[in-house]
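**Student:** Here are the chains, one letter per residue:
Number of protein chains: 4
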Amino acid sequence: MTNRVILAYSGGLDTTVAIPYLKDMTDGEVVAVSIDVGQGGEDMESVRQRALDAGAVEAVVVDAKDEFAEEYCLPTIKANGLYMKQYPLVSALSRPLIVKHMTEAAKEFGGTHVAHGCTGKGNDQVRFEVGFANTAPDLKIIAPARDFAWTRDKAIAFAEEKGLPIEQSKSSPFSIDQNLFGRAIETGYLEDLWNAPTKDVYSYTEDPTLNFNSPDEVIISFEDGKPTAIDGKPVSVLEAIEEMNRRAGAQGIGRLDMVEDRLVGIKSREIYEAPGAIAIMIAHAALEDVTVERELARYKRQVEGKWAELVYDGLWFSPLKRALDTFIEESQKGVSGDIRMVMHAGNCNVNGRRSNTSLYDFNLATYDEGDTFDQTLARGFVELHGLSSKMAAKRDFNL
Amino acid sequence: MTNRVILAYSGGLDTTVAIPYLKDMTDGEVVAVSIDVGQGGEDMESVRQRALDAGAVEAVVVDAKDEFAEEYCLPTIKANGLYMKQYPLVSALSRPLIVKHMTEAAKEFGGTHVAHGCTGKGNDQVRFEVGFANTAPDLKIIAPARDFAWTRDKAIAFAEEKGLPIEQSKSSPFSIDQNLFGRAIETGYLEDLWNAPTKDVYSYTEDPTLNFNSPDEVIISFEDGKPTAIDGKPVSVLEAIEEMNRRAGAQGIGRLDMVEDRLVGIKSREIYEAPGAIAIMIAHAALEDVTVERELARYKRQVEGKWAELVYDGLWFSPLKRALDTFIEESQKGVSGDIRMVMHAGNCNVNGRRSNTSLYDFNLATYDEGDTFDQTLARGFVELHGLSSKMAAKRDFNL
Amino acid sequence: MTNRVILAYSGGLDTTVAIPYLKDMTDGEVVAVSIDVGQGGEDMESVRQRALDAGAVEAVVVDAKDEFAEEYCLPTIKANGLYMKQYPLVSALSRPLIVKHMTEAAKEFGGTHVAHGCTGKGNDQVRFEVGFANTAPDLKIIAPARDFAWTRDKAIAFAEEKGLPIEQSKSSPFSIDQNLFGRAIETGYLEDLWNAPTKDVYSYTEDPTLNFNSPDEVIISFEDGKPTAIDGKPVSVLEAIEEMNRRAGAQGIGRLDMVEDRLVGIKSREIYEAPGAIAIMIAHAALEDVTVERELARYKRQVEGKWAELVYDGLWFSPLKRALDTFIEESQKGVSGDIRMVMHAGNCNVNGRRSNTSLYDFNLATYDEGDTFDQTLARGFVELHGLSSKMAAKRDFNL
Amino acid sequence: MTNRVILAYSGGLDTTVAIPYLKDMTDGEVVAVSIDVGQGGEDMESVRQRALDAGAVEAVVVDAKDEFAEEYCLPTIKANGLYMKQYPLVSALSRPLIVKHMTEAAKEFGGTHVAHGCTGKGNDQVRFEVGFANTAPDLKIIAPARDFAWTRDKAIAFAEEKGLPIEQSKSSPFSIDQNLFGRAIETGYLEDLWNAPTKDVYSYTEDPTLNFNSPDEVIISFEDGKPTAIDGKPVSVLEAIEEMNRRAGAQGIGRLDMVEDRLVGIKSREIYEAPGAIAIMIAHAALEDVTVERELARYKRQVEGKWAELVYDGLWFSPLKRALDTFIEESQKGVSGDIRMVMHAGNCNVNGRRSNTSLYDFNLATYDEGDTFDQTLARGFVELHGLSSKMAAKRDFNL
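Protein sequences appear in the order of chains C, G, E and Y.
According to UniProt numbering, the first sequence is numbered sequentially starting from 1.
According to UniProt numbering, the second sequence is numbered sequentially starting from 1.
According to UniProt numbering, the third sequence is numbered sequentially starting from 1.
According to UniProt numbering, the fourth sequence is numbered sequentially starting from 1.
None of these hints come from the bench; they were simulated from the model.
Keep in mind that the hints are not guaranteed to be accurate.
Since copy identity is lost for identical chains, a pair holds within one copy or between any two.
Unchecked claim - In the DSSO-like style, the derived pairs of lysine-lysine whose C-alpha atoms are separated by at most 30 Å in a straight line are:
id: 1; residue 1: K199; residue 2: K162
id: 2; residue 1: K226; residue 2: K140
id: 3; residue 1: K333; residue 2: K140
id: 4; residue 1: K107; residue 2: K23
Quantities reported herein were computed from a predicted structural model and do not represent experimental measurements.
Let's have the full structure, built from the sequences with the hints guiding it.
**Tutor:** Put into structure tokens, the structure is as follows:
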């Protein structure tokens, strides 16, 4: 059987040179797969052509933006999925989607291997490889950067040796991964944790320390946890994210500077921008506060933390992740209504909510006329609520 | 035995009139206890005199600001104690402190009853009464507002009937509770969840939608989770909170507008301001990200949620709260170092951290020269990390 | 509108006398509802006739054994639902079922009130009343034993006064609640925790300290968590429980003597017998060990504890319980196969399991021929698995 | 510097032959370290002499039985530490103790390497190596069985080649690890999960399917969670375990047949015997039911599961394990008193408990004379306990 390597192809120098390299290495053929998850940059047809020029036997290009929004970003919104309470899982979300499409390409084109460009100290190698273990366990995995110390310098040397017509762009000081849900930046000088990010790090967001002309008030509507309209205009999830990336980004919302716990056991400094994700998730959480019952809400907060850790840790397809998904889906029934927020200078503040499925009851809550809460019930409640603790206190404090 | 009522005394009209009322009601005496937890307002000596004038047999005034900061606010900082991930427990923290001092007063002055002014639909009745159940289970509790529908109008009528020399201030539309850790505001028109707060609601914070002249950069230093210096100047916890209230408040930081789940089962709309609490807790959490080991950090996030719920629910003295305290205290060993933040227009953004007890290892994290991470280890890790999920996928997806 | 009380009617003296009592009290009519959940005793038609004789305007009898087994016991089996790790929730399961049928009767017969016989210090009042709050929040609830101190003695006096033809059985020293999933016994002398239960307490189980002739080997088969066959013979869930009640009971399996934490805040001593429930749940859990992936299994153990607490606490219909149900249901996919157990003298020991959906892989597990586990992967795994802890140890232990 | 290998030395053939093998391999010296954790077998002095005869430059023998009982078994008792709710962590407990003593030997004798005999598919390699990473991160680790495929056959061939005077015992079909807390057995035919264990597998316990003459009633006393007396006779923890191993073992208590989730991702079949551990832990848990407050008890059950997983996973020295230890230690205050159990034919049934620190209150619990529970409190409690769920039901069920 001919070796056929399904390569996650970005169009950049490293993966372009990887095409002849993988052909040599496996004595086989390479199928380049490029997925549009909203990363921007050049058009996908150019990317496809470059792969073929570099020797790929097939080059597949997939516009997966809608799928990414509906199947990966939306569950994250419903889960309030923030790793370490902060990071909306941007890169961790795109990897399982890419895995899925590479697996499909492997079936279509008779792939025997899959190849990715990740190093051995990051999270993405795990997300790719555990992903393949869960979708195509028989495919062999090639990770040149990790297993063969394949670096940019080696790629250039290899290209020159082979006489490949590559264009050497100026080496960027930034290592960037971006998609429609956000943007991740690592760069050398930030490895000193005391250094602040410089302005050129950012691209999706304005500088929140500038003076802004006026706040931007927005109303986001949800149905069962899904964003369905912005300022009354119906939107798809993709449109909601794109629109909020634009508007929240313009107000400097969604920047993160954090030290995070990688799955491989080390801590690393990361800069993120995720204006749309953060703005939508703030609105979603505020709507949950109005529409989700207290005990469910309390438990869901624990589930959310675990869900985010699993996704971060590359376990998107795992049985536990799937079981938590059913819990979260059930919790979203009734998370419907409108959230009004004021966005300004890096802030995104909720100041109004309305919902037909609200659990807020004016007549129970009000201290004014119309009060229906029977206060005489409270005495018994308080007494029994505290009884077990009271018994313990009598013993422990000798009362 | 003479009835002696230990009254939580604020100095306001309601509790002043409550003094003769409670004397009548119990055919006994009243001891007024007033605790300074940084709520501001008139000086405590005037408060004390007013209680005596109104007929209290004793009037006790306690400056508990330092105790409140060290024994109640600091554990909250260490716990990242935010109810529903947002609210730093402002009122929930002062109640157990007040209970403790009222219990001490009861011992000193031979109290037989304790009295508080809470209604039957809020959380504070629970915090008071479960508190007393845990510190002085034999004292009888009187809650006139709840159990005898004692209202402001009744208080005024009673005062007039008794010829008490009260001064009727203009009735405020706001119901406010404040202390050095923050400020809580409820008011009638906000009971419509779609209404936005008006500017006059706020007192601790500037309006973040104004234009601010310049960002305020601050460095907060911690030792084992405790804030110990600001911009290099040593501070007590009380000083840290006061200083950050001032500086973060001036930048519009720490406003909250939320719908929260009360212990009595209803949802209610609350406005909070807690500039110092929020700013210090952001810094503290960022330092934990650098100094707390991953698995401990992941578990602590769940503990934090539970801790905040217990404190919110009035269980400050409960056995579970005390056991979680030991966990949290242990977790804070090594949470030492400096966090640099930029405060501006409602934002409080960490952009630098340094620590002698950091778990960040440049040589493991860097992609540049000096890298000591052995990438060949990753392959085995990834494979076994994903093995159990892979086995399940083979079965569940028929692979 | 005529008052109509829907009464949970057992057929015993107390609830029989309650019929005229409730008519008097409400100046209305009484509809008696009796549910067969496998509690045994007299036939339901006699029960029905007695209610009518005592003055009920309608008397409804429902054979709900199958429904109870499928809709209440089966979820408990899937959840390994043991309160305090021990008690299979026997009484807590029947209450929501009774509530459901009483609610239906209220709809059919125009009920305005519901009545139950529970006291104010047990759990069942909560299960009934929270149940009604969740199925028929507008019905008024009457709890004579709790709210009007309606006791057996008062019932007898009332019957004599009214000249009701009651038959005074000898007062039993035991308070018993039983159904097909088990039997709960409370009795005065066991309120001294040092007293051991006497033999006459038990009815579903043989004395396990006797000598038994021979062990009973049984094979229970499951499909997706549901028991479907015993020793190869297909069974309904009801049949599975009945058959295992008989066989496990004959071997003295399923007795519990525990001190339990009631919802109202007190600890109480309880004796339970649940031979079928315990035997089936042991088999079910053993099959999960073979068929549920590790991380899902670890998390499910926490969910199980919460699920059992919610059901014990009367929150069967609550949003959190319903969301946990979806998690548990998802977890049961693939919990299919056979478990072989030896039952003898109070023991129920699993000694064999086979499953087509097993996640056990002989070739990975074996140390003999056929081993396919690649041991070289372990080194990398071990190193990275321990890396974050190692970094912390270096700091904390000055290594 | 001379290479010096600190070898975990059992005295058996494999580790005896490993001594010259490791000398060859490292061109250095070997220090044999043998720890008595109650595994029985030959006396430690013979073991020591054999190591020296085989060429060890030093041979250290440590009687660590008391230390093992106090520092490793006791925390497990307090934690009710059962992996997968069943397995009392027998082998997982001895590994960190051995690591600790090997680390001390390395310091004393200038060790540069440590060596253990574990394979690459079990848990013990992880426990050893993560242990060393946490106590002596600079030592190099040699695992011949895993990294050099060092097998029994190779050991024998090597011994013959080197002319070592070894005694070839008959190869046992069982792979056994045992200590005073229990015994673990793996063997080829049990790798078929449908096969039942044969009688010769067991050594610590009698066959529970035999007929036993008479039940053995025992009273175990605890102070703050620690077993301190048996039938009134004061005991150390070591003595408690040894005594209960004898008595519970004689009644056939403590056998386990389970399929367990290994850390390396596979499921494996394991047989355990732990009569003393199981009997003491049953008593301990029953005493907790009487002495630990409800909410603390509920939370502790989750902590227990996590604690057991961490210990099983080799993370004894990890920061999270240490923080959970403080929680558990705090929870044990007041876990004092006597538990009476009847042991018979594999059963260990609690039937009496008494404690001066009990939270059981007869006067609150009793339905007889002396009842002090105020039942009128219940109505308010029930109503507010169920209120949030009621609001949700109204919405979700259209009530």
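**Student:** All hints, please: hold or fail.
**Tutor:** Quick rundown of the hints versus the structure:
For the identical chains of this complex, K199 and K162 are neighbours neither inside a copy (39 Å) nor across copies (69 Å), given an alpha-carbon limit of 30 Å. Taking identical chains as interchangeable, the C-alpha atoms of K226 and K140 are never at most 30 Å apart, the minima being 38 Å within one chain and 38 Å between chains. Taking CA atoms no more than 30 Å apart as the test, K333 paired with K140 passes between copies only; the shortest distance there is 29 Å, against 42 Å inside one copy. Proximity of K107 to K23 under the C-alpha cut-off of 30 Å is restricted to the intra-copy arrangement: shortest distance 19 Å within a copy versus 52 Å between copies.
In terms of the numbered hints stated before, the structure departs from hints 1, 2, listed from lowest to highest.
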